[in-house]
Amino acid sequence: MNGAFFTTVIEFISWAIIFYMIAAGAIYVMLFLIASPRIRKEKKLSRNEQIEELSINKDTYPISILVPAYNEEAGVVSTVRSLLSLNYPQYEVIVVNDGSTDRTSEKVISQFQMEPIELAIRTYFKTGEITRAYRSALHPELFLIEKKNGGKADALNAGINFSRYPYFSAIDGDSILEEDALLKTMKPIIDSAGRVTATGGTVRIANGCKINKGVIERVALPRKPLEIMQIIEYFRAFLIGRLGFSRVNILLIISGAFGVFEKSRVIKVGGYKTDTVGEDMELIVRLHRSIKDEKSKQRIEYIQDPVCWTEAPSTIASLRAQRIRWQRGLAETLWTHRKMLFNPKYRGIGLFSFPYYLFVELLSAVFEVLGYFIIIGGLAFSFINPDIALVMFLVMVLYGSLLSSLAVLLEEWTYHKYPTVGSIVVLYLYALTETFWYRILMNFWRVKGLFYAFKKKSVWGNMERKGVFSED
Amino acid sequence: MLDLFIWIVAGLLAAQLLILFCLIFWKARAIGYENKVNESLNSLKPQYIEYIKGERPSEPSLPKSKSMQVMVMERMLDEFYSGNYGDLEERKLNQLAEKYLAAHYRRTLKKGGWAERINALYFIEDFYLLSLREDAYHHFLKLKRQDEEFRQCLRVCASLQEERILPVIVEKEGLSTGFIKELLFRLNEILMWKILEKIENKDDIAENVVFAFITFNGEQKNEPFFSFVEKKIYDERKEVRLKAMNSLCNYGKVSDPLILDPFFASEYWEERMYAAKLAGACYLPQYTQTLLELLSDAVWWVRFAAAENIKNFPDGEALLRQVALWDEDAYSRDIAKHMLTRRGGITA
Chain A
223 MNGAFFTTVI EFISWAIIFY MIAAGAIYVM LFLIASPRIR KEKKLSRNEQ IEELSINKDT
283 YPISILVPAY NEEAGVVSTV RSLLSLNYPQ YEVIVVNDGS TDRTSEKVIS QFQMEPIELA
343 IRTYFKTGEI TRAYRSALHP ELFLIEKKNG GKADALNAGI NFSRYPYFSA IDGDSILEED
403 ALLKTMKPII DSAGRVTATG GTVRIANGCK INKGVIERVA LPRKPLEIMQ IIEYFRAFLI
463 GRLGFSRVNI LLIISGAFGV FEKSRVIKVG GYKTDTVGED MELIVRLHRS IKDEKSKQRI
523 EYIQDPVCWT EAPSTIASLR AQRIRWQRGL AETLWTHRKM LFNPKYRGIG LFSFPYYLFV
583 ELLSAVFEVL GYFIIIGGLA FSFINPDIAL VMFLVMVLYG SLLSSLAVLL EEWTYHKYPT
643 VGSIVVLYLY ALTETFWYRI LMNFWRVKGL FYAFKKKSVW GNMERKGVFS ED
Chain B
-15 MLDLFIWIVA GLLAAQLLIL FCLIFWKARA IGYENKVNES LNSLKPQYIE YIKGERPSEP
45 SLPKSKSMQV MVMERMLDEF YSGNYGDLEE RKLNQLAEKY LAAHYRRTLK KGGWAERINA
105 LYFIEDFYLL SLREDAYHHF LKLKRQDEEF RQCLRVCASL QEERILPVIV EKEGLSTGFI
165 KELLFRLNEI LMWKILEKIE NKDDIAENVV FAFITFNGEQ KNEPFFSFVE KKIYDERKEV
225 RLKAMNSLCN YGKVSDPLIL DPFFASEYWE ERMYAAKLAG ACYLPQYTQT LLELLSDAVW
285 WVRFAAAENI KNFPDGEALL RQVALWDEDA YSRDIAKHML TRRGGITA
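Line order of the protein sequences matches chains A and B.
Add 222 to the 1-based position in the first sequence for our numbering, that's all there is to it.
With the first letter of the second sequence counted as 1, position 231 gets the number 215 in our numbering; the numbers rise by one all the way through.
Simulated from the structure, these hints should not be mistaken for lab results.
Careful: at least some of the hints might be erroneous.
Heads up, simulated DSS-like pairs for lysine-lysine below, C-alpha to C-alpha not over 25 Å straight-line [claimed, not checked]:
no. : chain 1 : residue 1 : chain 2 : residue 2
1   : B       : Lys128    : A       : Lys519
2   : A       : Lys517    : A       : Lys485
3   : A       : Lys263    : B       : Lys126
4   : B       : Lys128    : A       : Lys263
5   : A       : Lys280    : B       : Lys126
Pair by pair, the computed Cβ-Cβ distance ranges are [what the hints assert, rightly or not]:
no. : chain 1 : residue 1 : chain 2 : residue 2 : range
6   : B       : Glu220    : A       : Asn434    : 32 to 38 Å
7   : B       : Ser27     : A       : Val251    : 45 to 51 Å
8   : B       : Gln306    : A       : Asn434    : 22 to 28 Å
9   : B       : Lys222    : A       : Ile244    : 57 to 63 Å
Note that CB positions come from ideal geometry on N, CA and C, so glycine has one too.
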């Protein structure tokens, strides 16, 4: 009797997981369907012609680029160099060294001949104490500020305090922008005359690419499977997910690696929240909240074309740390703003985005891990019908591998950044393997991250930098 | 049930593999085509440069395929117009564009997809294809949404000096100041006077148009419209006054410095700030003392503007150093110190 009851319960859970995954997969397909008309429409658009005007236009808003850096000695010089060569009429670059224990500051100071300056900062937010500030003798638009360690959000807030322009862009210290990326990201803001308040571009993985003096010279695939899988993962997130959300103005994430914000609105909502590790998403949620509270018509948009190249973790340990941190950040943000969940006042955000991020992005790992145990345990101990176990496995292949391989095809159909035929084949074949190893790793780390969310501690994480940008 | 799922997964995998093979085929073909275009470009470019410079009597022969001709010519002319090839005669470039590309763009405007039409509009403007003026205007009349195509089509019409778009610039709702400025930038002086006439004779003109006209003329230092801009500092609308003051900063002159006096004591901090900026921009050192007083203004932006412009005057830095060391007012000391040490931003 007990055995039969146990089997029934397990079978019920199994079917629940199967339906959950089919529903989650269907949401992805729906997002893809929402995104694809625009992708198809803009596919042949000449992006360079589009921004020619902006690069000389006096109405292109000046912008402050903030580079929060904590122990970024391997990549910070390349990042700054790439920023200094951007095609943009008027901007300043502010590197915020958040109490690094390595030679981040020394590298910037010696490379760009930084000279000490006096501090007279407008304080919009209280931040960790700023100890010194420098300006480059070579590039008058480049600043370095040193502050006591307070986390990435605190560093960004300090950067906003120091900045002088009406828009700011947050760029990670281990990332480089394509020459026209900032112009392309600002275009919707300028075209909409300020109706768009924040924009985010696409983040891609630079591991494997040939980089010279902060510029991507040749796009190529890395050798390590772990890095290749992250490339595929980013395709899936950016090409399928974000564009779909952005189309209906319910985008909840602008990557911390690359986003542009209207400073006055960020100041109005109180800047970055310093006691969470998911400060990028948390800020976007607060911006949406303030837009909806004010009944404003402003929008937050994701633009597919401008690209920020970033260094992906190349070791198991650093990838694990990153994913645990992301999952904690997501959990903290959803918890902080739990009142928005299913709240019709916030329309699409409350009724779709929030439930999506809760049930699909946050909890899918729990369902999938449970599924692994049921498949393996059920077959090993025969407490589940092998057919059900096999169906669940097939659904996992559908949800994991086939959706990711679809993202690879979508990338090739749209932007085809990888120049050789071989690259598509390699990416596609790797995508098919996702369910069998990469997704399992991710899911266990994400579940771990969920547990860690209860133990709050603001850290930058311990990502080891191989320094893919430092070969120059 | 199991069979159904096996079929679904197998079916989707098969469909994906089919798409993959198609993409591989297209990519291989696209790479091949791209290589051909590049080869043609590399061999034809020097020959065309010689031809345009008059060093070669006959025109080089383009590939036979029409689509390849368009592609090669479009890329080549785009490069030539970019200015990286020195003194190539624009008239000849324009003739080539008219000969090889105008018909293609006319067809694209009629039958092309959204992105192709916009690309065509970009090139019509870049290559200044006057023969397509009528086509561009008629295309504009068909557009219903105010999207990139609408904006680019208006830009093209403005570049080709199409007078019939003037009422659109002045009356159309929803055009931003920045975009109107883009259009003004393209108009010749005759059409600019016609715009001014409409501004002065129409009561319910959109503020954006006035803002754009004032700002644009300042940025371009357009002498014929200076007196109109200066007159606007007495406008009853505060925003218009501010735009006019900002514009005068760009002109770097006022007809009589005394017109600034009332603004230094204005109840609006923005006017005090612009007065300080104008004193600097017009180089009026007689206002040094007034600016020193503004260093202790209640508003940071006014203090900043005052300090920034004191620095432009003879002994300005020395004065700021004195203030930074000895002034009784903490605000003044702070902003003077800041101005002496911090400079930011670049203008490319």
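Results for each hint:
Of the pairs offered as hints, the one joining lysine 128 (chain B) and lysine 519 (chain A) holds, with about 21 Å between alpha carbons and a cut-off of 25 Å not exceeded. Between lysine 517 (chain A) and lysine 485 (chain A) the CA atoms are separated by roughly 19 Å; this keeps the pair inside 25 Å, and the hint holds. Pair hint lysine 263 (chain A) plus lysine 126 (chain B) holds up; C-alpha atoms about 19 Å apart against a cutoff of 25 Å. A threshold of 25 Å between alpha carbons decides the hint, and for lysine 128 (chain B) with lysine 263 (chain A) the separation of about 17 Å falls inside it, so the pair holds.
Restraint check for lysine 280 (chain A) and lysine 126 (chain B): the C-alpha separation of about 30 Å exceeds 25 Å, so the hint is violated. A hinted range of 32 to 38 Å for the beta carbons of glutamate 220 (chain B) and asparagine 434 (chain A) is inconsistent with their spacing of about 58 Å. Between serine 27 (chain B) and valine 251 (chain A) the beta carbons are some 48 Å apart, a value that agrees with the proposed interval 45 to 51 Å. At roughly 49 Å, the beta carbons of glutamine 306 (chain B) and asparagine 434 (chain A) sit outside the given window of 22 to 28 Å.
In this structure, lysine 222 (chain B) and isoleucine 244 (chain A) meet the distance hint of 57 to 63 Å, their C-beta atoms being roughly 60 Å apart.
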